[in-house]
Structures are given as C-alpha cells and as structure tokens.
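*Asks:* Here are the chains, one letter per residue:
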Amino acid sequence: MVDDRRSSDTAALPSQLRRGVLEFCVLALLRGGERYAVELVQELGSKDGLVTSEGTLYPLLSRLRREGVVETTWRESSEGPPRRYYALTASGRSVLEAFSSEWARFRDTVDGIIKP
Amino acid sequence: MTRHTLVDGYLADLRDASRDLPRREREELVGEIQAHIDETLPAGASDAEVRTLLDRLGEPEQIADAERERLGIDVPVAGWLERLTIPLLLIGGVVIPVVGWIVGLAFLWLSRCWSSRDKLIGTLVVPGGLLPALYLALSPTSTEVCVSGTGVDSAGKHFTTHHCTGGLSTGAQIGLILLEVVLVVAPIYTAIRLARHLPTGEGAQRGRMVFSRGQALVIFLGGLAVGGAAVLVYLSTR
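So the sequence lines, in the order shown, correspond to chains A and B. The opening position of the first sequence corresponds to residue 1 in my numbering, with each subsequent residue numbered one higher. The opening position of the second sequence corresponds to residue 1001 in my numbering, with each subsequent residue numbered one higher.
Calculated lysine to aspartate or glutamate pairs in the DMTMM-like style (CA-CA distance at most 25 Å, straight line):
1) 1119/B to 1027/B
2) 47/A to 1069/B
3) 47/A to 1061/B
4) 47/A to 1038/B
5) 47/A to 1059/B
6) 1119/B to 1069/B
7) 47/A to 111/A
8) 1119/B to 1061/B
9) 1119/B to 1016/B
10) 47/A to 1055/B
11) 47/A to 1065/B
12) 47/A to 1039/B
13) 47/A to 1049/B
Simulated restraints on C-beta separations:
14) 1189/B to 73/A: 43 to 49 Å
15) 1080/B to 109/A: 46 to 52 Å
16) 73/A to 1084/B: 46 to 52 Å
17) 91/A to 1182/B: 56 to 62 Å
Keep in mind the hints are simulated off the structure, nothing from the lab. Please read these numbers as outputs of a predicted model, since none were measured by experiment. Glycine included, every Cβ here is placed at the ideal spot set by N, Cα and C.
Chain A extracted, bound-state conformation (with noise of 0.2 Å):
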C-alpha cells in the first residue's frame, strides 16, 4: 500500500528542487555497482518523500544513458525476459563526486538559514 504520508510530504516539497536532486540519488545508487531497472526505480520509489510517480523515473534514465552518465548492457535473466543493466560511466561518477561536495555546500548554508 501507498502510505499516505509520503505522498503528502513529496506534494509539500517543491517539485523542481525534488527533481533536481533526482538524478544525483540516481548516480548515487550505482556507485557499488550497476543494477537494473526495476531495482533502481523500486528502490528510489520507497525512499520517503523523493518520487512521487515511479514512471517518471523511465524518462530520466534514458536522459542519463543519452547524457553518457550511466551505460546499459542488456543481461539475461533466470526469470523471464532480459534485463537492462545501468552502471556509472566515468563522466557519471566525477559528476556525481562533483554533486555531493557541492550539495554538502549547499545543504548548510540553507540549514542554517532555515533553522532557528
């Protein structure tokens, strides 16, 4: 089941800045290694508060293969069909050390802006 909390904090947060960090948690979860699909998008949708429509997630992981970020290899699978694999490329993973340091910077100056 959906728990309502969740949704009602992701429509509180605003939703360009959720999806702009979006990408980066993306990055962030294959940096021990590549996952497929289901897994990353399953994996990001329980997280609290981060997506509120799993399907969105499609769209932006073709946008991070275009962007040559992430790299896919098709895999057989024991069960059922193929499946996708998506792994960091080297451009990915200095965009993503680049990310984290800056949203380090970034995260305390607004928490100590906003915090009383």
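Starting from the known structure of chain A, arrange chain B on it as the hints suggest.
*Replies:* Chain B only, in chain A's frame:
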C-alpha cells in the same frame, strides 16, 4: 501469460497520453513501463495489488509529461488550427469545393495534437469529407433506355411494345444506397474521433472534448444535415 485488464487499460492510456511523441520514443517508454509491470507483478495478482502498483507508477499523463520534458517538447494544446481542422475536413470540401477539404488536410498534418494513426484515418476516411456523399447523391446513375413501338401482328391485330435496356439491377441499387450511407456515416465518425482525441492541455482528462458542447453540437448537426440531405437527394432521385 495473459496480462491483467487493468494493466492493459493503463498501457493503453499511456500510449494515448504520449501519442504526440516520436514513435521510437513512445514505443521505448511504453515498453519500459510494460517490462516494469511484468517484472513486478506476481503471477495471479489481485486487483488490489495491481492498483497499488499502478498507483506507484503514477498517472500516464504524468509519465508522458516527464518524457516530453526530456525531449524538450511542450505539451500540445489544441488551438484554432485544430478547431478549424475538423469542420474543414467534414464540410469544407462542400462549402468551398475540394479546396476547403485540402486546407483541412494540411491543417490536420500540421497539428501536433493527433497521432499518425489519427491523421491517416482523417485523410482516408473519407477523402473530401461529405463531398463524395453529396456528389454521389446528385449524379445521375440511371442509364436506362426504353424503346416503345407499335406494330401489327400476323393476325392483323395492333400491339405496342415497351422494352428497356441498361439501368441498374436491384442489387446494384441497394449497393449504391449502402455506399451512400457509408459515405455519410464514415466522415462523421472520423470527425467525432478527431475531436475526442484532442488533448485539453492543463490536467488533460482522457475523452474530454476540447470543443464546448455547443460547438460540438453545431459541427455534429452541420455534418448530419449535409449528410442527411445527401441521402435524401440520393433516394428521391432514384
């Protein structure tokens, strides 16, 4: 494996919501969502399980919007072009013979609101809109020639002969009436289909018409009047 009807409906909605996207992108998107569903859904899943999964995937319209954003395509909104296209295709060829329909055809293919399939149907069903129906109704199809004469037979009695050749058999006549009905109904069907497939822009709801009820009624009645008149003219000249 037979897919759940809810899933079929969802995929059809997604296809419909992304009909303005390039074919390759649309097929890839639908294929990925389909693969996601096939992989996630356990065999013999209940309706509730299916609904939860589709709920998590989100509205088809939302997914199509995300793909449009990636491709840098703005959401197509029906404007004056589309509002003119439908009446032009239907009765444009009658009002301004042939030319009106051709203008409508150009508008149809210029619009981003309809899928290629709808555009093909709009072009082929029926070329000229209601014009062929009117043309058939007004054209004389009877080529019957009758010869009458009088004569005197061997017994000296007068007689008259009446002999007709050519003309249409009953079967051919029924065929022509059926053709006339098809030529009237088909363009009206196409006009309704095109109107129903127009996106309404913000928060588009499937099947909601872009035309106001009044406008739709005028177009529909106009089509019906021209079509009905064609049938009546056709039948009265028989």
